[in-house]
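Asks: These protein sequence lines map, in sequence, to chains A and B.
If you're matching positions, the first sequence starts at 23 in my numbering and goes up one per residue.
If you're matching positions, the second sequence starts at 232 in my numbering and goes up one per residue.
No wet-lab data here; the hints were simulated from the structure.
In this text the structure is predicted, and so the values were computed from the model without any measurement.
Even glycine gets a Cβ: it sits at the ideal position worked out from N, Cα and C.
Incorrect hints may have been included.
Counterexamples of contact, computed for chain A against chain B with all Cβ distances above 10 Å [to be verified]:
(1) SER128
(2) ARG407
(3) ILE423
Distance windows between CB atoms, simulated [claimed, not checked]:
(4) A/ARG68 x B/LYS423: 48 to 54 Å
(5) A/ASP269 x B/PRO442: 47 to 53 Å
(6) A/ARG68 x B/PRO464: 29 to 35 Å
(7) A/ILE67 x B/ALA332: 25 to 31 Å
(8) B/PRO464 x A/GLU437: 52 to 58 Å
(9) A/ALA573 x B/LYS423: 25 to 31 Å
(10) A/HIS344 x B/LEU389: 26 to 32 Å
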Amino acid sequence: MRHRLTIGIAGAGGDGVVMLGSLLQRLAASRGYFGQMPRYYGPQIRGGASGVKLSLDTARASVPGDTLDIMVCFNWEKYAELEQELPLGTDTVVFYDSAAPKESISLPEKSFQVGFSEISNELTGTTSAKNIVALGLLERILALPESLSKGAVVEDEASALLERNGLALNAGKRLLLEFPFPDLKLSPSQDASAKVVLHGNSAIVQAAIRTGCRTFFGYPITPASEIMEEMQERLGQGNGVFLQAEDEIAAVGMALGASLTGAKSMTATTGPGLDLMTEMMGLASGAEIPVVIVDVQRCGPATGIPSKSEQSDINHAIYGGHGDAPRVVIAPYNLEGCYRLLIESFNISEYYQIPVILLSDQRLGQTTVATNSNMLEADYAIVERKRPGREYRAQYRRYEITDDYISPMALAGDEGTVYQFTGLAHNERGRPSFDFATNQRMHEKRWQKLAPLRDRDEFVKVCGKEEARKGIVSFGSSAQFVLETVEYLGLQDEVKVCIPELIHPLPRRLTSFVDSLERLLVVEMSYSAQLHRYLRSQIDLPSDTESYARAGGMAFSRKELSGPITKLAR
Amino acid sequence: MSEANNYRTEVTPVWCPGCGNFALLNALTRTVLPNLGIPNHRALIVSGIGCSSRIPGYIDTYGFNSLHGRAVVIAQGAKLANSELTVVAIGGDGDFFSIGAGHLPHAVRRNVNVTCIMVNNFVYALTKGQTSPTTPYLQRGEGPFLSLQFYPPVDPVLDMVSYSVSTRASFIAQGIATDPSHLAWLIEEAIKHKGFSFLNVLTPCVTFDPPWLFKTIKEKATYLKEGEPVGLPDSSAEQPWPHDSSNITLALKLAQSPVLERPHIGIIFRGKES
Numbered sequence: 023m024r025h026r027l028t029i030g031i032a033g034a035g036g037d038g039v040v041m042l043g044s045l046l047q048r049l050a051a052s053r054g055y056f057g058q059m060p061r062y063y064g065p066q067i068r069g070g071a072s073g074v075k076l077s078l079d080t081a082r083a084s085v086p087g088d089t090l091d092i093m094v095c096f097n098w099e100k101y102a103e104l105e106q107e108l109p110l111g112t113d114t115v116v117f118y119d120s121a122a123p124k125e126s127i128s129l130p131e132k133s134f135q136v137g138f139s140e141i142s143n144e145l146t147g148t149t150s151a152k153n154i155v156a157l158g159l160l161e162r163i164l165a166l167p168e169s170l171s172k173g174a175v176v177e178d179e180a181s182a183l184l185e186r187n188g189l190a191l192n193a194g195k196r197l198l199l200e201f202p203f204p205d206l207k208l209s210p211s212q213d214a215s216a217k218v219v220l221h222g223n224s225a226i227v228q229a230a231i232r233t234g235c236r237t238f239f240g241y242p243i244t245p246a247s248e249i250m251e252e253m254q255e256r257l258g259q260g261n262g263v264f265l266q267a268e269d270e271i272a273a274v275g276m277a278l279g280a281s282l283t284g285a286k287s288m289t290a291t292t293g294p295g296l297d298l299m300t301e302m303m304g305l306a307s308g309a310e311i312p313v314v315i316v317d318v319q320r321c322g323p324a325t326g327i328p329s330k331s332e333q334s335d336i337n338h339a340i341y342g343g344h345g346d347a348p349r350v351v352i353a354p355y356n357l358e359g360c361y362r363l364l365i366e367s368f369n370i371s372e373y374y375q376i377p378v379i380l381l382s383d384q385r386l387g388q389t390t391v392a393t394n395s396n397m398l399e400a401d402y403a404i405v406e407r408k409r410p411g412r413e414y415r416a417q418y419r420r421y422e423i424t425d426d427y428i429s430p431m432a433l434a435g436d437e438g439t440v441y442q443f444t445g446l447a448h449n450e451r452g453r454p455s456f457d458f459a460t461n462q463r464m465h466e467k468r469w470q471k472l473a474p475l476r477d478r479d480e481f482v483k484v485c486g487k488e489e490a491r492k493g494i495v496s497f498g499s500s501a502q503f504v505l506e507t508v509e510y511l512g513l514q515d516e517v518k519v520c521i522p523e524l525i526h527p528l529p530r531r532l533t534s535f536v537d538s539l540e541r542l543l544v545v546e547m548s549y550s551a552q553l554h555r556y557l558r559s560q561i562d563l564p565s566d567t568e569s570y571a572r573a574g575g576m577a578f579s580r581k582e583l584s585g586p587i588t589k590l591a592r
Numbered sequence: 232m233s234e235a236n237n238y239r240t241e242v243t244p245v246w247c248p249g250c251g252n253f254a255l256l257n258a259l260t261r262t263v264l265p266n267l268g269i270p271n272h273r274a275l276i277v278s279g280i281g282c283s284s285r286i287p288g289y290i291d292t293y294g295f296n297s298l299h300g301r302a303v304v305i306a307q308g309a310k311l312a313n314s315e316l317t318v319v320a321i322g323g324d325g326d327f328f329s330i331g332a333g334h335l336p337h338a339v340r341r342n343v344n345v346t347c348i349m350v351n352n353f354v355y356a357l358t359k360g361q362t363s364p365t366t367p368y369l370q371r372g373e374g375p376f377l378s379l380q381f382y383p384p385v386d387p388v389l390d391m392v393s394y395s396v397s398t399r400a401s402f403i404a405q406g407i408a409t410d411p412s413h414l415a416w417l418i419e420e421a422i423k424h425k426g427f428s429f430l431n432v433l434t435p436c437v438t439f440d441p442p443w444l445f446k447t448i449k450e451k452a453t454y455l456k457e458g459e460p461v462g463l464p465d466s467s468a469e470q471p472w473p474h475d476s477s478n479i480t481l482a483l484k485l486a487q488s489p490v491l492e493r494p495h496i497g498i499i500f501r502g503k504e505s
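Taking the hints into account, I'd like the entire structure generated from these sequences.
Replies: Structure follows, in structure tokens:
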């Protein structure tokens, strides 16, 4: 009996790899199992390599293991493209379809040709149910409860598919007689309640709806498109304003236009789109217009690797654009963070009247996670924009310098508070003003208003023992690998980990964390070590500081991070 | 606080004396907004960057002097979020037909109820006299067209009116800044049109255009009147082309008349409302 298993599935696009992974994850989730399923795909539109790596866990949504416990392969040629993501170990149990692999791939001892396609063909007349045959086999090997498929009420295409392919599913289940692997059974989940399954992009959408965002403007781009597509589903049919713009400049421009009228508005993109949005970020900062921009980071520069994760947009998010344009940068490191921090992004954006960039990444955005639904059910404070009360209206000054530097914002359409927004330097009334003193004062206002954010300790997660003198700072999806590796190495008592969720402005809590250390390691997926350089620019780091930074293109693994973390602990 | 019938702010315009933008400002604040009875707080004027884009600061309604080329984008977002607002996007030829040209066909196909006023002065004036996409084309050697340009413009003009016809904007009109009352009427019609309306305003730049340019346009301008023959070479008493603003074929013919030979002033096309 196992508490945690990692299952890899590989094939060509059209083999039903993602469908098989999703069905297995959701069936297991309906019986209480946690897990994560990152997906790997290539640049081809159709027929390219397609793979998933699924963890099933009885206690928490852990990162899948480095090597696989079980591998299902429909196509060895395509597997070769995914080998770095789905490495086989000597103990991996492999089930493969009709063709044997070429010599370049050495199979572990327990490898079996199963003929999923053949069975599917015999039963249904086509090979397209081969993934369902494989599902039947996996269900039995893992010993998922019998009533499972019936218990999983998923009202969508996937459940309909299962319904139609009952024969194939049962045929797969019967295969267990040929392949009994009692040591691959999963123990019952510690918490048998059904788990929700969603990816980071979807969590962002659900949070946006939760917080009252009803205007969304986007432009298709991998790996952020799911946000736009799901917002379209939610806001279509007259539930709000959804528009696919002609480009990212227009998308964020329309979001600003909507925000002038008081709408909580948002857009989502990745690096190349953020490039185009940069001029509007400056405008929103200078004219103090709330807007939330989600950046699901991928490998750059330029087109880079659209389908793979990286963390190299920090510089752009914090500093992108000309002039001194303050903005807030927030970065979730797990699924729960995608949900909670999107709500916080709106809260901060609306309260401080500033663009907020939520830095997600492809790994977070497109990995489906099975976890408990606490984050969806928790209470969250929803902060609204400060608007002028009646007493202001006689002599309304849009950019009035108040004690906290936040000026109540009248909305286009409000009676009695007419004013003009402008990207020009302006005075308190919003009139264009080109004198130095006013310009200086307005810069002070826009920067100083953010000062309270530096005291928001809750945006810095610290794991480990307070007295530890060795520590790691990491952020985004990489932080999950850091936490897993520290635990894997059993170094929780010696090494503490700090994960900033608020990146800019940098919370003071980070300073106190770093000050408590003799030795620091900064882990990130950016070749030029953007996080490390940013931290150095903001706080005094210990003289004994190491940076572990590399380009994106492959997820971190426990094995990879064991090196630098062991060195840190020595 | 403003009086219901006073739509000017106290801000003094930065424009040169004699600039066509004053005509637009007066048309909007003295005629259009009062005639349509739009309360100050129910209008939003979004502009780009350029001489004409300074206009929101002078009009006591909600306004946004935004970024170069992006007025029509911000305007659509605002209108979609609050349909009770009358939203007008104002910019120059550089705004709408150079840096922001990519946004226009999409605004047209969406047909969001926004009025787009392009103040066409044929030149980049705020930056002191560079050629714009609408600067008249000259053969090399004809001598400099613009006072401060060493090289004359040699690329063909981008014809914005033809462009808006070919993309089938649902309301297309051309006005002239030297006739502010007619211009005001056109803007009112454009605002009343429920859909995307495009209004090209021929405007002299008194500083950087040569004086003959606007003199020629003014002299040759002809007004379009519904049912009356249009001033096209193939329209005559024997073979009349009466003006019919619902006829897209005629609209294309009108739009293709070179502005220096036959500027048609009036409603060129009025199509489906959104």
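Asks: Would you mind marking each hint as holding or not holding in the structure?
Replies: To see whether the hints hold, each was checked on the structure:
No Cβ of chain B comes within 10 Å of the Cβ of A/SER128; the nearest lies about 53 Å off, and the non-interface call holds. The beta carbon of A/ARG407 sits about 14 Å from the closest Cβ of chain B, which is more than 10 Å, so the claim that it is off the interface holds. Every CB of chain B lies more than 10 Å from the CB of A/ILE423, the least distance being 20 Å, so the non-interface label holds. At about 49 Å, the beta-carbon gap between A/ARG68 and B/LYS423 stays in the expected band of 48 to 54 Å.
Hint check: A/ASP269 to B/PRO442, Cβ distance near 40 Å, so the stated range 47 to 53 Å is violated. A C-beta distance of roughly 54 Å is found between A/ARG68 and B/PRO464, which places it outside the suggested range of 29 to 35 Å. Between A/ILE67 and B/ALA332, the C-beta spacing of about 30 Å keeps the proposed range 25 to 31 Å intact. Taking the beta carbon of each, B/PRO464 and A/GLU437 are about 53 Å apart, inside 52 to 58 Å as hinted.
A beta carbon spacing of about 57 Å between A/ALA573 and B/LYS423 contradicts the range 25 to 31 Å that was offered as a hint. Checked against the hint of 26 to 32 Å, the C-beta distance between A/HIS344 and B/LEU389 comes to roughly 28 Å, which is consistent with it.
Hint compliance for this structure: hints 5, 6, 9 are broken, all remaining hints hold.
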